[in-house]
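If you're matching them up, the sequences are chains A and B in order.
Numbered by numbering that gives the first Met the number 0, the letters in the first sequence go through residues 0 to 264 in order.
Numbered by numbering that gives the first Met the number 0, the letters in the second sequence go through residues 0 to 416 in order.
Check the hints yourself; a few may be wrong.
[What the hints assert, rightly or not] Computed list of lysine-lysine pairs in DSBU-like fashion (alpha-carbon distance at most 35 angstroms, straight line):
{"#": "1", "chain 1": "A", "residue 1": "K200", "chain 2": "B", "residue 2": "K320"}
{"#": "2", "chain 1": "B", "residue 1": "K194", "chain 2": "B", "residue 2": "K5"}
{"#": "3", "chain 1": "A", "residue 1": "K83", "chain 2": "B", "residue 2": "K348"}
{"#": "4", "chain 1": "A", "residue 1": "K111", "chain 2": "B", "residue 2": "K406"}
{"#": "5", "chain 1": "B", "residue 1": "K174", "chain 2": "B", "residue 2": "K5"}
{"#": "6", "chain 1": "B", "residue 1": "K193", "chain 2": "A", "residue 2": "K200"}
{"#": "7", "chain 1": "B", "residue 1": "K107", "chain 2": "B", "residue 2": "K174"}
{"#": "8", "chain 1": "A", "residue 1": "K111", "chain 2": "B", "residue 2": "K354"}
{"#": "9", "chain 1": "A", "residue 1": "K200", "chain 2": "B", "residue 2": "K194"}
{"#": "10", "chain 1": "B", "residue 1": "K408", "chain 2": "B", "residue 2": "K193"}
{"#": "11", "chain 1": "B", "residue 1": "K225", "chain 2": "A", "residue 2": "K105"}
{"#": "12", "chain 1": "B", "residue 1": "K406", "chain 2": "A", "residue 2": "K24"}
{"#": "13", "chain 1": "B", "residue 1": "K206", "chain 2": "A", "residue 2": "K111"}
{"#": "14", "chain 1": "B", "residue 1": "K174", "chain 2": "B", "residue 2": "K366"}
{"#": "15", "chain 1": "B", "residue 1": "K348", "chain 2": "A", "residue 2": "K111"}
{"#": "16", "chain 1": "A", "residue 1": "K155", "chain 2": "B", "residue 2": "K408"}
{"#": "17", "chain 1": "B", "residue 1": "K5", "chain 2": "B", "residue 2": "K143"}
{"#": "18", "chain 1": "A", "residue 1": "K155", "chain 2": "B", "residue 2": "K406"}
[To be verified] Part of the chain B face toward chain A, derived, beta carbon under 8 angstroms:
{"#": "19", "residue": "I78"}
{"#": "20", "residue": "F93"}
{"#": "21", "residue": "V226"}
[Stated by the list, open to error] Pair by pair, the computed Cβ-Cβ distance ranges are:
{"#": "22", "chain 1": "B", "residue 1": "V105", "chain 2": "A", "residue 2": "L82", "range": "45 to 55 angstroms"}
{"#": "23", "chain 1": "B", "residue 1": "F389", "chain 2": "A", "residue 2": "Q149", "range": "36 to 46 angstroms"}
{"#": "24", "chain 1": "B", "residue 1": "F389", "chain 2": "A", "residue 2": "S84", "range": "33 to 43 angstroms"}
{"#": "25", "chain 1": "A", "residue 1": "L243", "chain 2": "B", "residue 2": "E32", "range": "33 to 43 angstroms"}
{"#": "26", "chain 1": "A", "residue 1": "E25", "chain 2": "B", "residue 2": "G359", "range": "13 to 23 angstroms"}
{"#": "27", "chain 1": "A", "residue 1": "W49", "chain 2": "B", "residue 2": "T236", "range": "13 to 23 angstroms"}
{"#": "28", "chain 1": "B", "residue 1": "E178", "chain 2": "A", "residue 2": "E53", "range": "31 to 41 angstroms"}
{"#": "29", "chain 1": "B", "residue 1": "P231", "chain 2": "A", "residue 2": "M103", "range": "13 to 23 angstroms"}
Rather than coming from a laboratory, the hints here were simulated on the basis of the structure.
The beta carbon of each residue, even a glycine, is placed where N, CA and C say it ideally should be.
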Amino acid sequence: MMALYKFLPHFSFFFCALSAICAWKEMKKLTTIFLAIFFLVMLFHLAGLWLSLERPPMRTLGETRLWYAFFLPLVGVLLYRQLKSPWVLLYSQVMAGLFLLLNMVKPENFDKTLMPALQSPWFVPHVIVYMIAYALLGLSALFACYQLYQHYFRGKQLLQADLDSIDLYVVSGTVLLTLGLLFGALWAKEAWGHYWTWDPKETWALITWLVYLNYLHAKLHQINESLRVRRSLFFVAIGFVAVLLCWFGVNYMPSAQNSVHTYIN
Amino acid sequence: MEKFWKWPWGLAQNSVLLMALVINSFIIQYLNEGRGVMILPFPYNAIALFCFLSFFIILYYLPFTSRMRAWIVSYPLVITCLSFLGILSLVSGFFPQGTALMLPPVLKRLGLEDITTSFAFTLLSSLLALSLLYAVLKRAKKFKMSDLAFYLNHLGLLIIILAHGFGSSDRQMVKLDLELDQVAWMGRSDEAGKKLIEMPFALKLKKFTMEEYAPELAYIDGKSMKVLKTCPIIDRTSVTKYRCDYQGHQLSLDSFMSNAFEVGGKYVEVNHLGTAPVAQVKIQAPGLVGNYGPVTSGSQFFAPRFVTINPTLSIAMLPAKAKSYASDLQYYTPEGEIGELSISVNKPKVLKEWKLYQYGYDDTMGKWSKLSIIEAVRDPWLPYVYLGIFLLLLGSLWMLVVALPKKSKELSNDGTL
Numbered sequence: 000m001m002a003l004y005k006f007l008p009h010f011s012f013f014f015c016a017l018s019a020i021c022a023w024k025e026m027k028k029l030t031t032i033f034l035a036i037f038f039l040v041m042l043f044h045l046a047g048l049w050l051s052l053e054r055p056p057m058r059t060l061g062e063t064r065l066w067y068a069f070f071l072p073l074v075g076v077l078l079y080r081q082l083k084s085p086w087v088l089l090y091s092q093v094m095a096g097l098f099l100l101l102n103m104v105k106p107e108n109f110d111k112t113l114m115p116a117l118q119s120p121w122f123v124p125h126v127i128v129y130m131i132a133y134a135l136l137g138l139s140a141l142f143a144c145y146q147l148y149q150h151y152f153r154g155k156q157l158l159q160a161d162l163d164s165i166d167l168y169v170v171s172g173t174v175l176l177t178l179g180l181l182f183g184a185l186w187a188k189e190a191w192g193h194y195w196t197w198d199p200k201e202t203w204a205l206i207t208w209l210v211y212l213n214y215l216h217a218k219l220h221q222i223n224e225s226l227r228v229r230r231s232l233f234f235v236a237i238g239f240v241a242v243l244l245c246w247f248g249v250n251y252m253p254s255a256q257n258s259v260h261t262y263i264n
Numbered sequence: 000m001e002k003f004w005k006w007p008w009g010l011a012q013n014s015v016l017l018m019a020l021v022i023n024s025f026i027i028q029y030l031n032e033g034r035g036v037m038i039l040p041f042p043y044n045a046i047a048l049f050c051f052l053s054f055f056i057i058l059y060y061l062p063f064t065s066r067m068r069a070w071i072v073s074y075p076l077v078i079t080c081l082s083f084l085g086i087l088s089l090v091s092g093f094f095p096q097g098t099a100l101m102l103p104p105v106l107k108r109l110g111l112e113d114i115t116t117s118f119a120f121t122l123l124s125s126l127l128a129l130s131l132l133y134a135v136l137k138r139a140k141k142f143k144m145s146d147l148a149f150y151l152n153h154l155g156l157l158i159i160i161l162a163h164g165f166g167s168s169d170r171q172m173v174k175l176d177l178e179l180d181q182v183a184w185m186g187r188s189d190e191a192g193k194k195l196i197e198m199p200f201a202l203k204l205k206k207f208t209m210e211e212y213a214p215e216l217a218y219i220d221g222k223s224m225k226v227l228k229t230c231p232i233i234d235r236t237s238v239t240k241y242r243c244d245y246q247g248h249q250l251s252l253d254s255f256m257s258n259a260f261e262v263g264g265k266y267v268e269v270n271h272l273g274t275a276p277v278a279q280v281k282i283q284a285p286g287l288v289g290n291y292g293p294v295t296s297g298s299q300f301f302a303p304r305f306v307t308i309n310p311t312l313s314i315a316m317l318p319a320k321a322k323s324y325a326s327d328l329q330y331y332t333p334e335g336e337i338g339e340l341s342i343s344v345n346k347p348k349v350l351k352e353w354k355l356y357q358y359g360y361d362d363t364m365g366k367w368s369k370l371s372i373i374e375a376v377r378d379p380w381l382p383y384v385y386l387g388i389f390l391l392l393l394g395s396l397w398m399l400v401v402a403l404p405k406k407s408k409e410l411s412n413d414g415t416l
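Chain A with its partners taken away, still in its complex shape (with noise of 0.2 angstroms):
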């Protein structure tokens, strides 16, 4: 069975592949029909996960890779019904691969073990909420940089509406980056003593955080249609940077070392 599991990744990375490719083409059936198998096989690794593991897979970075190249095609196809492009598709197929592949390469050992202040139910939402907020971030940053990027090399004028197209996710993000962040403190409390300590992950969280209220704040600013909006989206290019920085690069910070996250490692 374990063997399965080990091969269960290239399985969903290969449909992953295969839909981003029939994405690309335009093969609206073909796409459909491999999105649903990938989201069948990932739904059948995670859970194999869970129940082999004996808790829930969501303790080391490899394993919140798999949550996010998981939830990065579902909001994927959200944001492809609103857009209508299909680069979208591609692109958080493309980004799912990746973090697919990252887990091939580079393959973990899953382990049994859950040190006790992770044995509580503040685990599971608190993970899965983070990892939705981070590929509706995810996917809104790279629309927001391909915005810039027309903006500023092609020209192409800025506006409200190119704004409104991914304002909804973005919000939705910054409103589970704040559950996130409650429910983490919430859980602290009970695990550590204090529900805000200042851990290095804590502060990246903050700091991601108040990226993503600056963005609230920049939108509603009444200036020049062009400006605000080239504003908001600066925020939402800069916010994923936070992000990844909170999700991957605080472990190489020196403040890590005195972290309580670093049973991520």
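Position chain B against the provided structure of chain A, taking the given hints into account.
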């Protein structure tokens, strides 16, 4: 210059203004020998909070403050303030806080080792709190049900910032080292100076229990002791099926003992203090003969043991990881009350306004530890922080369940979706 400061202020003007305030705050901190903002304990902090709120609320309703009101709630100020707070938080995101090991004296004197109590951080947090307060007051003039998420989110965050900030001086975190069958009533404070604090109760450790996961074997570099590959944990029911491969080497098990003691170079299974797990391993590889033997992580009574394959490759056992640990306690109060408590990680208990947490144990003894470290936390402002968290949670959920789907529907009616 006059043209630059022309009203209304945008991002540039607010950035210059806040930058000047932040620089001045750091100068004050430097002149203050690096000491940050001191919040006095109750009742002074409650009085200070009352003064802060009443002063600014009264100011809000005075006719000549219209420009100040408009500035405090303006988007450019909010954006600048959030950005500056983010930049200051970056300091603690990069450097370990409170350790004072890495930073040169000049930076220490500027307060960078404890950025959250610095003058600059306090000033910006206060400005943000003020902005939240005025934003709520402004919107409250014309209450609209559609603004519900706005009220919940802004009020929630305001309460969290104020209760966390003003209440910080009343928060106490102390550790009690409990030896088996000994009574303790003095706690070590976490604050500088590590002063001892007399608790309003005494605790006696009746029993410390710890469950460990089965240990993991690992391929290690015998010279650098670096782990090259971690093998799965040893499941007692499937010892004979255990396999772990690394670069052509196949590791299997002959036998496994969870609690073993070294007697005359041999290991015997016994349930006693100071035992450790021992695995009899076998390594097979092309051209390799007779690589087998016992591997153990060792205990305080006997040394770890490896099986060496070659000078740079050995098999070691990693120390077992804790699955759960708990303390059975007896408590005594000055009123003569005696009772029992059981505390484990993630399951704290409350005793006389103090919340008791299972913090640690004697690492060198592991599951045989006769010491349990209990952390006692008292935070009288916690209900207010929780109120803020609850409001913010409610606001976020409202947005997610009501406001955002409504917006999505509107967009689809416009034909955008």
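- Numbers of the earlier hints that this structure fails to satisfy, in rising order: 2, 3, 4, 5, 10, 21, 26
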